[in-house]
Structures are given as C-alpha cells and as structure tokens.
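Enquirer: Spelled out, the chains give:
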Amino acid sequence: MREAAVVSEPNPLQRIPGVAIVLVLLIALFSAIAPGFLSIANLSNVLVQSTILTMLALPMTLIIMTEGLDLSMGAVLTLTSLCVAIVSLATKSMLLGLGAGLLVGTAFGVANGWLVAILGIPPFVATLGTLGMAQGLSLIVSDGQSVVGIPHSVRDIYSATLLGIPVPIVMALVTYAAFHALLYHTRFGTYIFALGGNREALRYAGLSPNKLLIAVYAIGGAMAGIAGLLMTARMNSGHPTAGLGLEFDAIAAVAVGGTSFERGNGWLLGTLLGVLSVGVLRNGLNLISLPSSVQVASVGVLVIVALFLDGLRSRA
Amino acid sequence: MTDITKEALMPPRSFLSQDAIQVFYRLLAALLICAVLAVLSDSFLSLGNILNVLRQASLTFFIASGLTLVVLTAGLDLSVGANVALSACIAGTVIHKTGSPALGILTGLACGGLVGLLNGVMVTALRIPSFIATYGMLWVLNGLTYWYMAGETLHGFPAGFRQIGSGYLLGLPIPVYLLLVFLGIGTFFAQRTIWGQEIYAIGANPVAARLSGIPVARRLLLVYAVSGTMAGLASIIFLSRLNSAEADIGESLTLPAIAAVLIGGTSLFGGVGTVFGTFIGALILTLVLNGMNLLSVSANWQPLVTGIIVILAVWLDMKTRRRTQ
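Protein chains in written order, with the working numbering: chain A, 1 to 316; chain B, 1 to 325.
Read the hints as simulated data drawn from the structure, not as lab findings.
Errors might be hidden in some of the hints.
Computed footprint of chain A on chain B; a stretch qualifies when at least three of its residues, placed anywhere within it, have a C-beta under 8 Å from a C-beta of chain A [said to hold, decoys possible]:
hint	segment
1	93 to 106
2	145 to 159
3	302 to 308
4	314 to 320
Rough simulated footprint, nothing fancy, chain B against chain A, three-plus residues with beta-carbon under 8 Å [unchecked claim]:
hint	segment
5	111 to 120
6	138 to 149
7	280 to 294
Backbone N, C-alpha and C fix where the C-beta goes; we use that ideal spot for every residue, glycine too.
I would like the entire structure built from these sequences, with the hints used as guidance.
Expert: Okay, structure coming up:
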C-alpha cells in the first residue's frame with residue numbers, strides 16, 4: 001500500500017459518508033419535490049451537464065491537494081472555448097481547434113504553476129491575477145461578441161453517442177480513469193500527495209517540488225482546454241462569459257467531496273460524487289423553477305458548510 | 001538567528017521608516033505615470049480629467065481601504081465587489097420605497113457591515129481560511145443580488161442624494177472630500193490607536209499576538225466588519241454617482257481594489273502596509289486605466305492590465321522584502 005504510507009490519515013473510508021449522504025439526501029429531496037427529476041431523460045441530462053465540471057474538478061482536486069487553488073480555471077476555460085471556436089471556424093478543423101485550446105490552457109496552467117512555485121506568490125492571488133488576464137484576453141480576442149457559425153464537427157461532439165453513451169460522458173469517464181490511475185498508481189501521484197503533505201521529503205528524495213507543482217497546475221490548464229472544446233460544442237458558439245464562475249462549482253465539488261484544504265489529502269471519487277451533488281442541486285432547483293441566481297447562492301452555502309465540516313474534522 | 005541579535009547587527013535606523021520609503025517610491029511612480037501621460041495625451045492635464053481621476057480613485061479607495069485592514073491581518077476579502085452590488089441594490093430599493101436618502105444610506109452601510117461581520121464569523125468562529133470563506137460569500141451575494149433584482153434596473157434617485165456622488169463643493173467633487181476624510185480616519189486608526197497596532201501585531205504573528213493578550217477573534221471580526229462597511233459606503237457613492245443600480249455592478253470592482261492594496265505596498269503575508277499606501281495604489285491604478293482610456297485603448301483591455309498589475313505588485317513586494325530581510 002504505497003499511498004497509505006504517504007497519506008497521513010490512513011482511513012479514507014471515514015470520509016465516504018459525508019459526500020455520499022449529501023448526494024443521497026439531495027436526490028431524495030428532489031425526487032420528492034421536483035416532478036420529472038427521476039426520469040431517465042432528466043438523469044442523463046444531469047450526467048451530461050456534469051461532464052465539463054468533472055473535467056475541471058478532477059485537476060482542481062490535485063491542485064488543492066498541493067495546498068493550492070486555481071481561481072483562474074473558469075476564465076481560462078472561457079478563453080480556451082473561444083480559441084476552439086475561433087480556430088475551428090477559421091480552419092474548419094475540430095482537431096486544430098482542440099489543439100489551440102489545449103495550447104492556451106496549458107500555457108495558462110504553466111504560468112500559474114510558475115507564479116506559485118518559482119515566484120512563491122500565494123496561489124489564490126496568483127490565479128486571481130491570471131483570472132483577470134484570461135478574462136481580459138477573452139474580451140480582446142472576441143471583442144465582447146459571441147463567436148458563431150462553428151463547424152459541425154465541433155458541435156457534434158456534445159450530441160454524439162458512442163455505443164449508446166453520450167460522448168461527453170465517455171470523455172468524463174476516461175478522464176476520471178486517467179486521473180485515478182495517475183494519482184493512485186503512479187509515482188507522480190505519490191509525489192502529489194507529498195507536495196501537500198511533506199514537501200521537504202520530496203526535496204530530500206532528490207526531486208524538484210517546483211517542477212512537480214508546475215506540472216500539477218499545467219494539468220489543470222490542459223484540462224480547461226479540453227473542457228473548453230466541450231463548452232464550445234455545448235453552446236454551439238464561443239462566448240466571452242461562457243466559463244464565468246465554473247471554477248467556483250469545481251471548488252465546491254472538491255470541498256463537498258471531502259478533499260481537505262489544509263492537509264494535502266485528496267479523494268478523487270469524493271470529488272466525482274461532489275460534482276454530481278452540485279449537478280443534482282442545480283438541476284433540481286432548476287426543475288422547481290428557481291432561477292440560476294438561487295442555484296449560485298445555494299452552491300455558495302454548500303461550500304461554506306462543507307468547509308466548516310472539514311474544519312471540524314481536522315480538529316477532531 | 002533570533003530577532004534580537006538581528007536587531008543588534010542591523011545598521012542604525014535611518015531617519016525615514018521603511019514604510020515611508022516604500023510610500024515615497026510609489027509617489028514617485030505615480031508622478032512618473034503622470035509625466036508620461038501628460039506627454040502622450042493633451043487632455044490628461046485638464047482640470048476636468050484630473051478631478052475625474054480623483055473621483056474614480058476615491059471609489060476604488062473606499063473599497064480598498066477597508067480591505068487594507070483585512071490584508072494587514074494576513075487575510076483577504078474577495079467578497080467586496082459583490083458586497084457593493086448587494087448593498088447598492090438594497091439601499092436603492094429603500095430610497096425608492098421610503099423616499100428617504102438618509103434611510104437608504106443607513107441600510108446600505110448596515111448591509112455592507114453585516115456581510116463583513118458574517119465573513120468575520122466564518123473566519124474566526126468557523127475557522128475557514130479567509131480567501132475561501134469570502135470567495136464562497138462572493139457567490140452567495142451574487143446569487144442573492146441577481147435573485148433580488150431579477151434583471152431589473154433601479155433608476156432615478158432624489159437630486160439631494162445624487163449630490164454625494166456627483167456634486168461639487170468649492171470646485172472639488174464631494175467624493176474627494178470623503179476620500180480625504182476616510183484617508184485621515186484610516187491612517188489615524190491604523191497608526192495611532194491601540195486597536196490599529198493590534199491589527200498589525202495579529203498580521204505579523206498571530207500566535208504571539210494571542211499570547212500577549214490581544215483578543216484576536218474580536219479584532220478580526222472588527223476588521224472584516226469595517227471592510228464590509230466600507231464596501232457599503234462605496235455602494236452609496238456608486239449609487240448616487242451613476243443614478244442607477246444593477247445586479248452586475250460589483251463584478252469589475254474586486255480585482256482593482258485588491259490591486260490598489262497590493263500596489264500600495266501592503267503585504268499579503270500580513271503586518272506590513274499603510275492605508276496611505278493604498279491611497280497611492282488606488283491613484284496609480286486609476287491613472288493607468290485613465291491613461292489607457294485617454295489613449296483610446298478599448299476597455300476590454302482593463303481586466304488584462306489589472307491582472308498583470310496584481311501579479312507584478314505582489315512579485316515586486318516579495319522581492320524588495322526578501323532583500324531587506
């Protein structure tokens with residue numbers, strides 16, 4: 001058990017109840033009060049709509065495990081989504097669009113990692129600065145307008161199915177599998193645990209914590225690039241506020257999922273359940289015709305409660 | 001090396017304090033920007049534009065001055081912009097419903113202060129890290145404001161009320177007087193009162209502060225409440241200047257306020273900085289944005305430039321402090 005040796009709290013099962021109970025309670029609540037919530041169509045809708053968030057929340061988990069934070073993720077997703085739209089519109093090629101999104105996303109991720117690791121700027125301020133930069137660049141490249149008329153090859157990604165399963169869900173599952181393998185079955189994953197838990201140990205082992213940290217943020221940026229493709233496909237356009245506040249839903253999913261903000265403990269399955277909790281909450285509130293503003297406020301309350309409980313646990 | 005031996009090895013203290021030198025450099029930077037802009041743009045040195053810069057800087061300063069106290073305690077308040085929006089919308093509604101600006105002003109201030117107090121409770125009683133607690137609060141407030149306004153715009157306020165934001169007294173805009181008043185109060189509070197000094201102590205070393213008998217939790221509550229109340233004040237100025245309020249007015253206010261604090265030399269790690277520095281910070285930021293405006297750079301560039309300035313300011317600050325230590 002390699003991970004058990006690194007994780008300071010050896011029993012992650014202890015945490016399962018928290019987020020699972022939240023999810024079950026939310027599902028029970030909306031089954032009771034929201035007509036149509038339990039229909040197959042609606043449930044698959046929840047899953048498909050949660051895919052973009054999954055792609056942000058998984059790397060966010062890794063970043064938070066290093067006692068970091070990436071507030072720029074939503075704004076970077078906006079920018080990459082615009083890049084996908086603009087490049088695929090110009091070249092008629094979905095792959096070139098994806099390439100552009102990946103490139104820009106990874107560049108922002110590396111920049112975040114560099115600011116945090118090499119310059120030592122606190123993560124929330126460094127990524128707040130890059131948030132402003134990504135937001136600004138989004139406005140500049142789009143001139144504040146939507147980018148419309150993108151090719152079918154991009155649009156179809158969101159609506160196509162593979163063996164009867166919607167492609168976005170397949171992408172999210174593959175992403176989850178990849179992150180699971182990366183975190184729990186590779187050395188890099190073990191180093192990520194150490195980045196949050198014991199950075200000195202990495203140094204003594206002859207590794208460079210700074211390079212690892214940059215890699216973690218770069219993964220976050222790259223995932224924002226891939227999620228940008230999905231966002232463009234979903235909206236069938238590029239829009240300069242497409243990703244507004246998505247980083248908050250991602251942080252909410254991670255916090256609800258039981259990843260600690262202070263001790264370098266992360267739990268990917270918890271994050272996945274957290275993503276579903278946020279998705280169910282938003283979908284359910286939507287079904288009972290509460291506006292998106294109320295959804296935003298409820299997610300905010302969800303985060304604060306989750307963090308409070310996290311604090312209680314860490315003191316217990 | 002302990003602090004005492006370091007103190008003994010240090011050269012004799014110079015006439016000016018470290019803070020004064022930092023502020024002096026920033027004043028020089030502000031003057032330099034002015035000189036560049038005066039050369040590049042004919043209209044920069046016009047009286048109208050200078051008063052405009054001061055008035056814009058005052059809005060950023062009101063938000064940033066309260067935020068300075070929070071940052072001095074090594075905390076952060078990301079909810080200030082959203083707080084301005086909610087307070088402005090609620091104050092606007094009260095003025096519309098009751099016809100009384102005084103009542104509206106009180107409600108705006110109270111709403112801002114209450115939000116700040118809630119932030120303080122989350123940080124002290126629930127012990128949530130301040131940046132994440134206030135970030136959660138940001139979205140709660142955003143949600144509340146959008147829900148409350150439901151896409152509506154509040155418009156048209158009594159002429160007397162509008163004087164606060166757009167009126168003049170002896171040739172100077174009224175917000176500039178308010179700026180001077182709050183600059184004085186803030187500086188006096190931080191430098192010359194025991195509570196102010198305790199706030200510096202908490203930021204420099206929270207454990208030592210607690211052990212030396214400072215009521216840390218109560219001072220933190222105060223600091224967040226002040227930050228919220230100043231956001232409430234900014235909302236009143238905003239409301240009376242624009243004569244309207246919408247749910248989205250706060251979104252572009254947080255980053256500039258944080259930028260002003262950081263440019264002003266207040267350290268994110270707490271214990272170092274001045275309210276006067278923040279005033280210079282607000283002035284520098286406003287000068288840069290005003291200059292871009294005069295040189296007809298599209299407003300779309302403003303978030304990009306503000307973001308770069310935030311990062312540069314933190315980096316420069318960390319570099320100079322590393323050198324002096």
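Enquirer: Hints first: check each against the structure and report whether it holds.
Expert: So, going through the hints one by one against the coordinates:
Restraint check on the segment 93 to 106 of chain B versus chain A: 0 residues with Cβ-Cβ distances below 8 Å, three needed, restraint violated. For the segment 145 to 159 of chain B, the stated coverage by chain A is satisfied: 4 residues place a CB nearer than 8 Å to a CB of that chain, which reaches the threshold of 3. Note: the segment 302 to 308 of chain B has 7 residues with beta-carbon separation from chain A under 8 Å; the three-residue rule is met and the coverage holds. Judged by the Cβ-Cβ criterion of 8 Å, the segment 314 to 320 of chain B is covered by chain A as claimed, because 3 of its residues qualify and three suffice.
For a cut-off of 8 Å, the count of residues in the segment 111 to 120 of chain A with a CB near a CB of chain B stands at 3, and the three-residue condition holds. Given as covered by chain B, the segment 138 to 149 of chain A passes the check, having 4 residues with a CB less than 8 Å from a CB of that chain where 3 are the minimum. Beta-carbon proximity to chain B at under 8 Å applies to 4 residues in the segment 280 to 294 of chain A; the threshold of 3 is reached and the given coverage holds.
When held up to the earlier numbered hints, the structure conflicts with hint 1 and nothing else.
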